[in-house]
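Enquirer: The chain contents come next:
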Amino acid sequence: MLEIKNLNASINDKKILKGLNISIKPGELHAIMGPNGSGKSTLANVLSGKEGYKISGELKYQGESLDEISIDERAQKGIFLAFQYPTEIPGVNTSNFLRTSLNKVRKAQGKKELDALSFLKIMKEKSNELGMDEKMLSRQLNVGFSGGEKKKNEILQMKILDPNLVILDETDSGLDIDALKIVADGVNSSRNKEKSFLVITHYQRLLNFIKPDFVHVLADGKIVKSGTKELAMELEKTGYKGIN
Amino acid sequence: MLNFKISSDEIDKIGNFTKEEKNFRLKNLEYFNDTGFPNKKNEDWKFSDLNAIVSKNFNKLDIQFGKSKKQKVDFIKDFEHNYIVIINGELTISDFRYEEKDKITLKSFINDNYSNRKENNPLINLNHALSDKGYFLEVKENYKFKKILVIYYLFTNDLDENILNTRNKIKIRKNSELHLLEYVVNDSKKIFFNNVHEDIVLENSAILKNIYLQNSKSSGYFHKYSINKLFTESNYTSFIFPAGLKFNKLDLEFNLEGERSECNLQSASFINNNEHQEIKTRVNHFSPNCRSHQNVKNVLNDESKGVYQGKIFVKDVAQKTDAYQLSKAILLSEKCEFDSKPELEIYADDVKCSHGSTSGNLDKDSIYYLMTRGLSQQESTKLLIDAFLNEVADSIKSNSIRNFIKTKLETQLQDGY
Amino acid sequence: MKNQNTNYNQEYKYGFTTDIENIKAPKGLSEKTIKFISEIKKEPKWMLDWRLKAFNRLKVSKEPDWQKPKFPKIDYQALYYYSAPKSMKDKPKSLDEVDPKLIETYNKLGIPLNEQKKLSGVAVDAVFDSVSVATTFKDELTKKGIIFCPISEAIQKHPDLVKKYLGSVIPISDHYFATLNSAVFTDGSFVYIPPNTRCPMELSTYFRINASETGQFERTLIIADKGSYVSYLEGCTAPMRDENQLHAANVELIALDDAEIKYSTVQNWYPGDKNGVGGIYNFVTKRGACRGKNSKISWTQVETGSAITWKYPSCILQGDNSIGEFYSIAITNNHQKADTGTKMIHLGKNTKSKIISKGISAGKADNTYRGLVDIGRNASNSRNYTQCDSLLMGNKCGAHTVPYIKNKNSSSTVEHEATTSKINEDQLFYCNQRGLNQEEAVSLIVNGFCKEVLQQLPMEFAVEAQKLVGISLEGSVG
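Protein chains in written order, with our numbering: chain Z, 1 to 244; chain P, 1001 to 1417; chain V, 2001 to 2478.
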């Protein structure tokens, strides 16, 4: 699904990722853990195609290079990024936006665009699964949402867009335990043989709810250690300083 | 180069006046001839040198324009409404089918105020000197309009380097309410100058809701000076949606004369080409406990220019004033320009007055977020512009009217971006 | 419960006069006066020519009239344009030769000039009416190649630098008062920081007007060469007199590549009495050019004195990535009037500017912020942030905000915010409840309101400025 080889990324002449390697197969869930400033969010941004980074190395998605592929095309090809801090966009109605987004993705994948009614049905169903108040969806996109609501909205979008590769950027930050469970359930119920996940997190806490197949430790722009979920437990005990 | 000096013969050509009125017109013509069209040296015209603009674009300006031809009106079908039709400034037909007729006065305007003030804005003097058309509308006491009144302002295709000086007055008596849509339809493909003087009075507890909407872009040069008097507990809400003109300056003065009166001004426009859109406001808080709120939004593309000059004045007795002013502009092209001068002049201490003014590009993070959800750069930009402008239209309460406005705005955006 | 502290109404504490014999130029403004000034300063011919050029320009220019504070017409022929203590005629070679009365004056102002007592870490140029009395730490600065001397000395000793930069930021023809200054300027400071040098101490000029019927026309020129840094500050006071005295200074700053100039002012000219009689007309032109890439000019001002203050310390951001800042506190009480602000002219790419203005108005005073932010067509990716807050005390005073904002570049962002309010009564009550009297509470709250600006001042002066903020508002809250 995703093949990253010797990835380097810098912003404003500052090197952030320094030769990162990772390989994710369909159906796998990988967790990347690391201290603040290790490059976790940069990795998420680079995968999404965000501008402003100088990049070298190999970045392959479903066997094709992602170079020269714009942000929206990546999204249409099924890469989904759940933001650490979802952007507030005043004046844009949440459900209208979701429909526009879904139809863009469907169209790119050669599927029929959904009319308002059938979309509403899907949206209702998915938002109920997440225990979201439907009223929220008639509000402006992320505007005035609490931290938890914003994250739930990200998971809702993930469920609706049904992507192949999901990147969760610190989705657990700022969530209380109930919201965390809902978010984790949302992820777990979406897991299947075709879908891959890359879960970026600072704390082991989230991994109690979302069981990873592999755990990687990111430090100073490189993967310094890889293992299974036991590695996350170990990290919890020793802290990042204990690694290496 | 155009000679702006206007001969006093022009006044005689308009009609026969009483001695008093004639003197008033002559005096004002003299004032105008002294200064000509305002230029950059006039503080209120700092960002738009009208003198230069007029000399550059006009070869002549015909003052006399005979009777306008009857015009077929393309009435709005989206909602039921009363209407007045104004052709080239002249009152023609009207229909108040939903109202009690004896509660309304409508007639051609006759000026009866001959104050001999030298205006800081020479265009007002010019209007005083030469105005020959217009209407007077009065809503009598304790009457609330049942349906909206649409005033169709039609400009005919035989206008060509003319200057129209029109003068309108609206008076809403005690406890009465009027909802108005001023709908401008321009058929002229040529350039012309439209110089309007508007006088609005809201008596105690009167309510006026006004929407100004341009049907489409045009080659007109428009200037309107509007003086609005608000008495105790009256409430004026004004929405302005300009679609783009060669030159459009709205000079609006609101005098909050009575306690607890309130005025609310909202504007949204998307302009492009080499259009010029300018709003100048002066809100005078003369009494305590009044509220004023302004929200002016501009999106600029190509070589267009937007200007906002807003002033809040608070007199020493006007305690507990709540005044707010916000201007936001989005610049989309390399050659557009936005200038603003949001001004506060405050002499009372127990007040809440603030303003904000921003100009710049669309938020890059928002575009990024939308693109990660599969929208292209162009689509993301458009969605954000739409959202930016729609905020204003969204505060219109009536569904049918709001949808009508939003459709118009959407079309303008489709054509322009 | 009113405050128990009765001893709050301090008089203007710098209002004394030094009784000293003066040499004056002939009264009035004429070619003769200008020649007198040039001669007594032993200036080269090019300098006199420059002055006369300005004088000719002055004859055809008019006083500006757009500003908010109006003032009675100044009779330029009734003023003395040069006044200096007689003892300064033959330049004293060392401090020992300076008239003790002058030294004593500066001691009283809290600016000791002699070796033992001089302020540590601050080099001072003391200007008394039209001449510089003494400059401290000169030798130590010279060792680093830094020039810090009276401008009249620079004209003689460093003519190339003066010729190159004088009038290059504020042209002779700029506006009436700038032109007047160019014709008749007497003294002021000259600073040159050589490349890659960090000036090891604060440089400071202390301006004192003493003589009556005299205008002070100082001229300051600061050049920070490539990669250098300097922090400069000026202070000013004047005796209490019934007449209005004119102070029309020109200050020019030039920052070359990677250089930074920090310029701070604590302006405490005599503000006039409670009824608005007397006080200084402070009409000052201050402008800095960020000529080099990555250069920075930062203005900080605390304006508490003067009957009328009228100044707009500005930045011309020519160099790419250059930065301009303006931090201002303007306090007006009684009949004082202030019309102050800044201009940020963005010409280079990636230029940034920040404006923080705090205006406080009490008594019957008027306080205006007037500013211009101009983003030019080529100033891509530039940013401006402006915050103007006004505080009103009582309803006989006025607070005004007049910003001009021009943006011609779509990749640049301008943000302007302004508020006007009165002093928060809950805050006052809270302070009162904790035992502070009204004056103390006001001083505390206003200092909090001004904090962002006060923080910009060099340590040595921040404390003084905080006290000044409190004193300036005394008697304003009943």
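Hint data in this document are derived by calculation from the structure and do not stem from the laboratory.
Computed from a predicted structure; not experimentally measured.
Every residue, glycine too, gets a C-beta built ideally from N, C-alpha and C.
Be a bit skeptical, because a hint or two may be false.
[Unchecked claim] Only pairs whose alpha carbons sit at most 27 Å apart, straight line, appear in this in silico DSSO-like list of lysine-lysine:
hint, chain 1, residue 1, chain 2, residue 2
1, P, 1217, P, 1070
2, V, 2349, P, 1335
3, V, 2349, V, 2293
4, V, 2451, P, 1352
5, P, 1217, Z, 112
6, V, 2068, P, 1352
7, V, 2032, V, 2226
[As the list claims (entries may be wrong)] Here are the in silico distance ranges between beta carbons for each label pair:
hint, chain 1, residue 1, chain 2, residue 2, range
8, V, 2433, P, 1044, 24 to 34 Å
9, V, 2173, Z, 56, 51 to 61 Å
10, V, 2474, P, 1120, 48 to 58 Å
11, V, 2067, P, 1147, 46 to 56 Å
12, P, 1363, V, 2143, 31 to 41 Å
13, Z, 14, V, 2417, 47 to 57 Å
14, Z, 224, P, 1415, 54 to 64 Å
15, P, 1044, V, 2467, 36 to 46 Å
[To be verified] Computed list of chain P residues with no C-beta within reach of chain V, every gap over 10 Å:
hint, residue
16, 1035
17, 1040
18, 1046
19, 1047
20, 1075
21, 1080
22, 1140
23, 1198
24, 1201
25, 1226
26, 1329
27, 1334
28, 1338
29, 1352
Enquirer: Just to be careful, I want the Cα atoms of residue 2349 of chain V and residue 2293 of chain V compared with a cutoff of 27 Å; is the pair within it?
Expert: 9 Å, holds
Enquirer: Confirm or reject the statement that residue 1198 of chain P sits farther than 10 Å, beta carbon to beta carbon, from all of chain V.
Expert: 27 Å, holds
Enquirer: Starting from the hint 54 to 64 Å, judge whether the C-beta atoms of residue 224 of chain Z and residue 1415 of chain P obey it.
Expert: Because 56 Å falls inside the window, the suggested range holds.
Enquirer: Just tell me: holds or violated, for the beta carbon distance of residue 2433 of chain V and residue 1044 of chain P against 24 to 34 Å?
Expert: Violated, at about 49 Å.
Enquirer: May I ask you to check that residue 1046 of chain P keeps its beta-carbon over 10 Å from the closest beta-carbon of chain V?
Expert: 8 Å, violated
Enquirer: Given a hint of 36 to 46 Å, does the C-beta separation of residue 1044 of chain P and residue 2467 of chain V actually sit inside it?
Expert: Hint holds: Cβ distance 43 Å, inside 36 to 46 Å.
Enquirer: Please verify that the nearest CB of chain V lies beyond 10 Å from residue 1352 of chain P's CB.
Expert: Non-interface label fails for residue 1352 of chain P: nearest chain V Cβ at 6 Å, not farther than 10 Å.
Enquirer: Please confirm whether residue 1201 of chain P is truly not at the interface, meaning its C-beta sits more than 10 Å away from all C-beta atoms of chain V.
Expert: 28 Å, holds
Enquirer: Is the claim that residue 1329 of chain P lies outside the interface with chain V correct, judged by CB distances over 10 Å?
Expert: Check fails; 7 Å does not lie beyond 10 Å.
Enquirer: Would residue 1035 of chain P pass as off the interface with chain V, using Cβ distances and a cut of 10 Å?
Expert: At roughly 17 Å from the nearest Cβ of chain V, residue 1035 of chain P sits farther out than 10 Å, so the non-interface label holds.
Enquirer: Compare the distance between the alpha carbons of residue 2451 of chain V and residue 1352 of chain P with 27 Å, and conclude whether the hinted pair is satisfied.
Expert: Satisfied, since the Cα-Cα distance of roughly 22 Å is no more than 27 Å.
Enquirer: Would the non-interface assignment of residue 1140 of chain P survive a Cβ cutoff of 10 Å against chain V?
Expert: Since the minimum Cβ distance to chain V is about 39 Å, residue 1140 of chain P lies beyond 10 Å and the statement holds.
In summary, the structure is inconsistent with hints 5, 7, 8, 10, 12, 13, 18, 19, 26, 27, 28, 29 from the numbered list given earlier, while agreeing with the others.
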